[in-house]
Every structure is written in structure tokens, then in C-alpha cells.
Amino acid sequence: MKTAISVSGLHKSFGRTHALDGLDLRVGEGEVHGFLGPNGAGKSTTLRILLGLLRADAGTIRLLDGDPWHDAAELHRRLAYVPGDVSLWPNLSGGEVIDLLGRLRGGLNPKRRDEFMERFDLDPSKKGRTYSKGNRQKVALVAALASDAELLLLDEPTAGLDPLMEAIFRECITEERDNGRTVLLSSHILAEVEALCERVSIIRHGRTVESGTLAELRHLTRTSITADLAHPPTGLETLSGLHDLTVRGTTVSCEVDGDRLDEVLRHLTRFGVVGLVSQPPTLEELFLRHYEDDLNGTANEAVA
Amino acid sequence: MGTLVGTGSLVRLALRRDRVRLPIWIVGLTVVPVITASALADLYPTVESRRQFGSILSSNPSLTALIGPVFDPSSIGGLTAWRVGGFIAVLVALMSLLTVVRHSRAEEEAGRLELLGATVVGRHAPLTAALVVAFGANLVLAALVALGLAGLGEPAGSVALGLSFAAVGWVFAALAAVTEQLTAHARTATGLAGLILGVTFLLRVAGDASGEDGPVWLSWLSPIGWAQRIRPFADERWWVLAFPAAFAVVLVAVAHLLVAHRDLDAGLIPTRSGPETAAPSLRSPLGLAWRLHRASLAWWTVAFAVVGVVLGGIADGMRALATDNPQLRQLIAAMGGEKGIIDSYFSSMMGVLGLVATIYGLQAALRPRAEEVGLRAEPLLATPTTRLRWLGGHVVFALVGVVVPLAAGGAAAGLVHGLRTGDAAEETPRVLAGALAQLPAVWVTVGIAVALFGLLPRMVGVTWAALVLFLLVSQFGPMLQLNQWLLDVSPFTHVPKLPGGEFAATPLAWLALVAVGLTAAGFAGFRRRDITTE
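These protein sequence lines are chains A and B, in that order.
Letter 102 of the first sequence, counting from 1, is numbered 117 in my numbering, and no numbers are missing.
Letter 502 of the second sequence, counting from 1, is numbered 557 in my numbering, and no numbers are missing.
Pulled out of the complex, with its shape left as it was, chain A reads as follows (with noise of 0.2 Å):
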């Protein structure tokens, strides 16, 4: 698979904050990719630069092919944008702007924007101060879809939406995905994120923290498992890669690393599966376990 976005130990700094410390990101053509990260990890800080907005401090950063500083103009020509914070001119109607991106980029098809109008419930004649925040991010995400750009570079494009608008924003970049647009997503709506996106970068901190198709990162981590045994089981204690174990009586329900689940499962079928629930984990799991530290933390500089 070609490769759309890649960068490598990208770094940004504003004065005394090092926004990006050695990021790096890898986006194949066509796919959803997650961006993942809570507030102030850099998100927002690596579309700008991808944007050719800000200019990196240092890295090697590839877009489309391109160098997004230098070539800004024409790799804009491909790529289309909706920000994380979306502010319309007073005096402009929604219609108006969705027009003028369009006409920007170099032309838009009529039919697809009164078609994303119409499924996002827009009104396109109110003027921008009068739309509330998710009517001023549908403006964006309607000139968005609306142009046929091969890139869409989403910066956390739900924030403001109502849940059935997230409904239909999830159809529409399905439908996207199928059409072979690229997407990246930044997002930290996990379920949306769980629901669109093959592969999820997290960030923290300005560094990337794992990278992978979803399938991979669960792997890394632990799965929940609930068994109703015949007998009660013994020797659980030996067994490495178990966490959070309770026994009681002949129920055991833990979790259990990803490289140990086999192991695990070959020592519950000696005392006789009866039944047995296992749940992967969820996205919001694996970004927890990453993040647990920093709370941690949090907290602890709280109390002192």
C-alpha cells in the first residue's frame, strides 16, 4: 500500500512548550486512520504542520508526496480540511462559505453538496454568527465531503454534533473509505474512532505512544475472560500474565495479557469449562492503560 501521510520524529516547539517531541505517524492511501490523544497532546499541532500551517522545527515529514511546507498550494489542491474549532464570517451564510471552499479548491460538484446539505440537515442560508457549534462544524464538514479531494484531514469533526448527526458523519466517511479516500481522523471519541479507522496512532505528550491496525494493539493488551468451571481451580497463583484475579467458588474471572491467553485457557479446561465469556478490550481500555500514568500522576502532584 502507497503511503499518504508520513512523518518521523517530528518536533514543534512554542517558546518553553515542546508541543511535538519526536512524533512520528504513518498513514497508508486509502485507509481510516485514528488519531488518538487527550486535549493538549499535539493533535491539532501535527495537522497544522501537515497543513503546512506551522513549520516544523525538525523531522521528516511527507504529504501526498509532497513537502507540506513548501508545496502548500498544490498539495491543498488534494487534500480538504475540517478544524477542530470552526469560525464563519458574521456576515456570511453557511451556503456561502460551502461555495467559496469549494470555488477555493478549485470547484465542487453542486449535486454532492445540496446531497450533504440535505443528510446533514443543514440550513445554508443562515449566516455564520447565528449557527450554533455543531451547525458551524457541518459548514465545514459538508465543503469538505462535498470536494472531491483524495485526503480529508479531520480534526475532531463530532466534537459538536448531535448523536445522530454522528451517525450520519460515521455513513458518509464510511462511504469514503469505500470511494478510496484516505482520511485521518483525530478523534478522541473512541467508539467513532473503534467504529471507522483500520489502523489508530496514540499520541501523548507529543510522542507517539502505539501505532497499529486495532487487531494489533488488542493483542498487546489484555482480554477479560469470566469461566464457570466444574471444579474450583487451583495453581492460578503460578501462572504469569494474570491480573485482577477473583475466585469465587468455581467462578474466576480475570484479565489476561495477549501473548498469555493461550497458556491461560490450556489451565481452565483442566478444572472443566462450563462456560465462558471473553471480551476484548475495548479501545477506550487500551487508551486508559496509556493514560492511567498520567492521572495518576495528576493526581498525585494534587495531593502534594
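It is worth saying that the hints were derived from the structure and are not from the lab.
Small disclaimer: the values here were computed from a predicted structure and weren't measured.
All C-beta atoms in this analysis are idealised placements derived from N, C-alpha and C, irrespective of residue type, glycine included.
Label-pair distances were calculated between CB atoms; the ranges are:
{"#": "1", "chain 1": "B", "residue 1": "L312", "chain 2": "A", "residue 2": "D82", "range": "56 to 64 Å"}
{"#": "2", "chain 1": "B", "residue 1": "L443", "chain 2": "A", "residue 2": "E231", "range": "40 to 48 Å"}
{"#": "3", "chain 1": "B", "residue 1": "L319", "chain 2": "A", "residue 2": "G122", "range": "33 to 41 Å"}
{"#": "4", "chain 1": "A", "residue 1": "D82", "chain 2": "B", "residue 2": "A579", "range": "15 to 23 Å"}
{"#": "5", "chain 1": "B", "residue 1": "R72", "chain 2": "A", "residue 2": "S293", "range": "51 to 59 Å"}
{"#": "6", "chain 1": "A", "residue 1": "D163", "chain 2": "B", "residue 2": "F558", "range": "51 to 59 Å"}
Knowing the structure of chain A, use the given hints to seat chain B on it.
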């Protein structure tokens, strides 16, 4: 009183946000009268010298029109009050209306008032807090002016001058409180209040420029006229203070009444819906810039045309005023005869028009920064639009746009004067040339804004300080006989005095070159820098 809960906290918040801005305004506005007084004391140390100076002044009708009448030239205080009164009053009015809008409507428009409004804050608290801050700032200014001029030994005059400034400030703070209820946009509210300020200045000019039998009462319709007619240092007439005070009270009451009758984020003039699709012209950065600047450009042009009509209409009165005065024959001869009087009137008025038109130019040139900080540049720069084209769209409206109001003002003044004297074909181009000669100096000031935007974007506000400096230098510099190098700092010093003066192309070419250099530096800097949002 439940609707005022939280006012105290909001006042503290406003003072915290303005802890640099307001002190600069207040100190700057205090320093001008103090320096003027000490300079006048050096230049005209004796009563006799001052009387002589005063008789020249009061017989020069274009000074009376521009600055106002001299009530008592025999004292330093009287001369100071005359010289700085009208100008400081205008600047105080600006400070006051900007402060009120900044802390009420602008906050509301930015959505921050909503955040505060959900806490324990009464319905009237935000407006009242903004007014308290503005009124308080004016009171501090009045006190500092009175203290600063204490050395003149005329406490009543010093206090009266300080209060005359504060009175104008209160009127315009209260006025802005009303205009900002009418529209949902801070920009429009400021523009509306500024427009009224311009009208009141023009009323005073028209009133003061008319002779004994003319419409002198026009000056009494203007808060700036009231301020001067308190007559600081010239047998103060304290009762005149009742006019601005009563007017301000009424406006404050009206504003509070209006607040109670509108929703958050709404103006009394409802927002209409717009077209569903964009017009064909809205397809480029320039097309967008046209949409964003056209209303402002149209208003400025209409306003300048009206100013031109008034200035042209009173021009001939200058000659009548001057020739009525037999003492003045010599002076008139020195100025090139009767025509010289009118020419010098026009050239000084065109100089003021140039300075005022620069406000439009700076507003337009600083718009890109507002767009950038307001997150409206990002979506455009994420399209194939290059940075230079995006910035270029706005800068065109600053550099080329400013020609339109200036030309309208100059042409209207020349045409109206020409029609009255039956010489329109000759007068119109002469006065128009006087207006257009200001352009290179305007462009230099706009160039400073563009250069700062590209190189030091967080410092773009400094451009306003530069404009105020140029204004002070050009208005006070020659009379106070300041150092030539200080005068030379202002680009407006180098503009030939047209009509009447000798046309000199060299300084204009230099100014244009400096403007080109500054603008180019701004564009080059903007290409290289990060897009920032703070």
C-alpha cells in the same frame, strides 16, 4: 438591584484585562496637555507675547474651524485649553467608546459573556461594569490632567479642563452603550459610535467656522462643542457641564432599558438570513475581501463625501472672516492673498482628512490579523490559496481602498467650494490633489501595519500608537516648535501643503518607496512564519 449582581467582579476582570491598555491611553492623553502647556510657556513667556500670538490665532479662520475658538489667549492655560481641547476630546471619546464595546458587546460576540452570564451575574451587570470602567477611566484622566496642570496656578481652570475631557468621554461611553444594543456586531457598534463622533466633530467645525450671523449654534449641538464652551482658564462656565452630564445619564438609562428587551447575542436590529449559494464573484481571496470590506469602505466614502461638502461649504466664509479683520491685511498678504487663506484652510483640512482616512486603512490592514486569530484564516489557507494571495486581498483594500474616501472627500470639498465661487472646474482638481497628496503618507502607515503583521504579528496594535504619534506630531509639532527630527518621524510631515504650497514630487516618491518596502517586508515575513491563534 438583582440585575446588577456581579458588577464588581466584572469590573475587576475588565481592569485586569486592560491593565496595560487603559494606563497607556490615560497617561498619553494626560501628557499632551502638560507638554503643550510647558512648551507654550517657553515660547510665549509674557502676557504681551501671548496676546500678540492670540490675535494672530483668532484671526486665522482655518485654525478656528479646525481647533475651535480662542477664549482667553492671555494665559498659558487658556492657550493650552484652546490648542489641545478639541483634539483630546476626540481621542477621549474614542478611548471611551472602544472601552465600553470591548468589555460588553465584543465579549458577548466572542461567547465569553455566556460563560460569565451563567454564573451569578445579573442581566445589567456586564453593561454596567463596562460603563463603570469607562467612566472611572475618564475620572482618573480628569484628575491627572488637573494635577498635571497644577503648576499653572489656576486650579479652577485645570479642574475644568480635566472635567471637560471626562464629560466628552462619559457621553461617548454612554453612546456606545446604546449603539451596541442595536447591532449584534462589536465592529458595527464601534463604527456607529465612531460615525456619530465624526458628525459631532463636524457640527463643531461648521459652527465655529461660521461668522457672527452664521449658524454658530451648531457648535452647541456637539459634545465636543460643549467641552470647549466650559471655557477652562477663561472664566469657567461650570453650568455647561450639565449638558454632557444630563445627556450621558439619559443614554445610560436608554441602554439599560434596551438590554432588558433583547436576548443574549442578539441586537435590536435582527440578523437577516443570507443567500443559499454564493454569488459568482465570491470565488477568490479578493472576492472574499470585497465582501468583508465593502460595507466599511462604503460608509467611509459616504462619510468623507459629507465631510467634504461641509468643508467646501464653509471655505468661502474663511475669506469673509479674514477680510473683516483690518489688522490682518499683512498676514493675508504674507499668506498669498485671499486665495492663500482659503488654500491654507484646505491644505490643513486635507491633512486632517489624510490622518483620519488612515484609520480606515489600518482597520483594513489589520483585518488579516483578526481573521488569523479568529480562526478564519486557517480554513482558507488549507485550500490551494497561497498566503500571499490571501493577505494580498486584504492589503489591496487597505492601500487602494483608502484612495476612495480620500478622493470623495477632496473632490466634494473642491466641487462645493468651486460651485459657490463659480470656479468648479479649477477648484475641484486643486483640492482633490491636496487630498490625494496625503496618500503616500497613509500608505507608509498602512505599510507599518503590514510589516508588523508579517514580522511581529503579536505587536500589530503598535500601529495605532504610531498613528496617534503621527497625529500629535503633525497637529502640535509645528506650533510647539518641536525638534525637526521628531517632526520628520511622521510621514505626514513630508506631504507638500496642497493646494497653494509648492508641489514636490521627491518626498512623495520617497514615502511611496518606504511604503513599498514595509509592505514587501510584511509579505515576506508572513510567508515564513507560523499561523498563530493568539
